[in-house]
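Given only the sequences and the hints, what does the whole structure look like? Please build it.
Just so you know, the sequences run in chain order F and D.
First residue of the first sequence? That's 1 in the UniProt record's numbering, and the numbers climb one at a time after it.
First residue of the second sequence? That's 1 in the UniProt record's numbering, and the numbers climb one at a time after it.
Keep in mind the hints are simulated off the structure, nothing from the lab.
Among the clues, some could well be false.
[As the list claims (entries may be wrong)] Calculated pairs, DSS-like style, for lysine-lysine (alpha carbon to alpha carbon, straight line, at most 25 Å):
(1) F:Lys60 to D:Lys20
(2) F:Lys25 to D:Lys60
(3) F:Lys20 to D:Lys116
(4) F:Lys76 to F:Lys116
(5) F:Lys116 to F:Lys60
(6) F:Lys20 to F:Lys60
(7) D:Lys116 to F:Lys76
(8) F:Lys60 to D:Lys25
(9) D:Lys20 to F:Lys20
(10) D:Lys76 to F:Lys20
(11) D:Lys20 to F:Lys76
(12) F:Lys25 to D:Lys116
(13) D:Lys76 to F:Lys116
(14) D:Lys76 to F:Lys76
(15) D:Lys60 to F:Lys60
(16) D:Lys25 to F:Lys20
(17) F:Lys25 to D:Lys25
This is what each chain is made of:
2 protein chains.
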Amino acid sequence: MSSAMGSPTNVFWHECAVGKGERQKLVNQQGCVVWITGLSGSGKSTLACSLNRELHSRGKLSYVLDGDNVRHGLNKNLGFSPEDRTENIRRVGEVSKLFADAGLICIASLISPYRKDRDACRALMTDANFIEAMLLSVFMNIPLEVCERRDTKGLYKLARAGKIKGFTGIDDPYEPPLNCEIKIEQKNGVCPTPCDMAAQVVSYLDGNGFLRA
Amino acid sequence: MSSAMGSPTNVFWHECAVGKGERQKLVNQQGCVVWITGLSGSGKSTLACSLNRELHSRGKLSYVLDGDNVRHGLNKNLGFSPEDRTENIRRVGEVSKLFADAGLICIASLISPYRKDRDACRALMTDANFIEAMLLSVFMNIPLEVCERRDTKGLYKLARAGKIKGFTGIDDPYEPPLNCEIKIEQKNGVCPTPCDMAAQVVSYLDGNGFLRA
Numbered sequence: 001m002s003s004a005m006g007s008p009t010n011v012f013w014h015e016c017a018v019g020k021g022e023r024q025k026l027v028n029q030q031g032c033v034v035w036i037t038g039l040s041g042s043g044k045s046t047l048a049c050s051l052n053r054e055l056h057s058r059g060k061l062s063y064v065l066d067g068d069n070v071r072h073g074l075n076k077n078l079g080f081s082p083e084d085r086t087e088n089i090r091r092v093g094e095v096s097k098l099f100a101d102a103g104l105i106c107i108a109s110l111i112s113p114y115r116k117d118r119d120a121c122r123a124l125m126t127d128a129n130f131i132e133a134m135l136l137s138v139f140m141n142i143p144l145e146v147c148e149r150r151d152t153k154g155l156y157k158l159a160r161a162g163k164i165k166g167f168t169g170i171d172d173p174y175e176p177p178l179n180c181e182i183k184i185e186q187k188n189g190v191c192p193t194p195c196d197m198a199a200q201v202v203s204y205l206d207g208n209g210f211l212r213a
Numbered sequence: 001m002s003s004a005m006g007s008p009t010n011v012f013w014h015e016c017a018v019g020k021g022e023r024q025k026l027v028n029q030q031g032c033v034v035w036i037t038g039l040s041g042s043g044k045s046t047l048a049c050s051l052n053r054e055l056h057s058r059g060k061l062s063y064v065l066d067g068d069n070v071r072h073g074l075n076k077n078l079g080f081s082p083e084d085r086t087e088n089i090r091r092v093g094e095v096s097k098l099f100a101d102a103g104l105i106c107i108a109s110l111i112s113p114y115r116k117d118r119d120a121c122r123a124l125m126t127d128a129n130f131i132e133a134m135l136l137s138v139f140m141n142i143p144l145e146v147c148e149r150r151d152t153k154g155l156y157k158l159a160r161a162g163k164i165k166g167f168t169g170i171d172d173p174y175e176p177p178l179n180c181e182i183k184i185e186q187k188n189g190v191c192p193t194p195c196d197m198a199a200q201v202v203s204y205l206d207g208n209g210f211l212r213a
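Spelled out as structure tokens, the structure:
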């Protein structure tokens with residue numbers, strides 16, 4: 001029932017009788033993580049909501065972990081220093097993994113600008129104690145000038161005025177994914193609608209067997 | 001779609017289109033947290049597994065957050081200092097709340113020896129942005145001598161030998177809950193079986209409407 005593990009000392013691992021496969025059968029889907037990365041204003045939350053709605057309408061159980069929302073709860077003791085940003089993403093990665101293990105389609109929506117942090121999350125998903133939790137990376141490939149023009153939260157204006165420091169895209173880099181499963185892009189200078197974006201992700205999930213057990 | 005909140009600055013709250021009620025209808029149950037507290041060796045993990053199995057057999061979606069397991073992932077950067085123990089419980093509380101919000105019956109199994117930490121978790125569950133996530137406290141009221149006699153992990157022996165410091169029940173206090181929804185106890189000096197314990201919790205959940213939407 002429990003076995004000693006390497007580290008930390010005296011902390012055991014308890015194997016539980018009901019496994020991921022059984023939970024997946026119950027909800028008729030594959031637990032996974034849809035990780036949406038991109039600039040502020042690129043449409044991450046919009047896609048997350050739209051995707052959540054579309055999956056629900058198909059009878060699928062999904063849950064949105066929004067980077068901003070999590071900072072009001074689990075991550076409220078973290079700031080915006082480089083270490084805290086890394087820890088912010090690590091915790092969301094760990095929680096996403098638990099949700100995927102629980103059988104849900106977990107939609108994580110975070111700027112997550114650094115490649116190394118995103119890579120660390122992907123690496124988390126492989127673990128001897130878990131059936132591999134698939135992480136699907138969705139890159140919101142929307143040009144900075146479009147995001148800045150939208151400026152839904154008024155943050156670009158503050159960043160340009162120097163009132164926010166280390167703002168991604170302005171005075172802190174966004175490192176685009178080198179390999180991502182899904183890319184959301186403009187077509188002929190027009191951004192896809194929330195429904196189009198969701199359809200693109202659902203089509204991927206469906207085509208890859210995630211919407212059945 | 002988003003609104004400015006008090007603190008931290010520049011972190012918004014995104015309301016998502018699919019709510020807890022809709023997810024609950026999908027899985028035909030009420031999202032909640034079953035928080036199992038008690039001494040090491042009191043049977044927390046055993047109850048958690050048995051309950052998980054019993055709920056699954058009734059077609060209910062539950063998930064176990066085990067205090068030990070979480071220390072290998074989300075909480076692997078925490079030790080056993082008083083602050084770290086508090087943070088350990090706070091994070092599990094926040095994650096349980098997310099699971100309950102997602103519509104699951106989240107079974108959290110942690111020694112959680114201090115009243116203030118458990119109370120803080122209960123307080124977490126009420127939040128303007130969430131439908132109140134019910135937390136049901138299950139107290140494993142098994143005498144220390146019984147737990148120590150079992151000593152499943154050999155930790156009491158180490159604690160008695162002074163090789164583990166601050167061990168709950170030996171040289172650190174366990175503060176029994178003043179109010180708990182469910183109490184697991186010996187009857188005529190006999191501990192209930194895993195199935196009996198699970199049945200007691202399931203009966204509470206069923207009687208209080210948690211097993212239907």
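Quick rundown of the hints versus the structure:
1. F:Lys60 to D:Lys20: Judged against 25 Å, a Cα distance of about 14 Å means the pair holds.
2. F:Lys25 to D:Lys60: holds (11 Å)
3. F:Lys20 to D:Lys116: Violated, at roughly 34 Å.
4. F:Lys76 to F:Lys116: Holds, because 23 Å separates the two Cα atoms, which is no more than 25 Å.
5. F:Lys116 to F:Lys60: Given pair Lys116 of chain F, Lys60 of chain F is violated - Cα atoms ~31 Å apart, limit 25 Å.
6. F:Lys20 to F:Lys60: Status holds; Cα separation ~16 Å.
7. D:Lys116 to F:Lys76: holds (19 Å)
8. F:Lys60 to D:Lys25: holds (11 Å)
9. D:Lys20 to F:Lys20: Since the Cα atoms of Lys20 of chain D and Lys20 of chain F sit roughly 22 Å apart, the hinted pair holds (cutoff 25 Å).
10. D:Lys76 to F:Lys20: holds (22 Å)
11. D:Lys20 to F:Lys76: holds (22 Å)
12. F:Lys25 to D:Lys116: Violated, at roughly 39 Å.
13. D:Lys76 to F:Lys116: The hint holds at about 19 Å.
14. D:Lys76 to F:Lys76: Distance of about 18 Å is within 25 Å: holds.
15. D:Lys60 to F:Lys60: Holds, because 15 Å separates the two Cα atoms, which is no more than 25 Å.
16. D:Lys25 to F:Lys20: Roughly 22 Å between the alpha carbons, so the hint for Lys25 of chain D and Lys20 of chain F holds.
17. F:Lys25 to D:Lys25: Holds, because 18 Å separates the two Cα atoms, which is no more than 25 Å.
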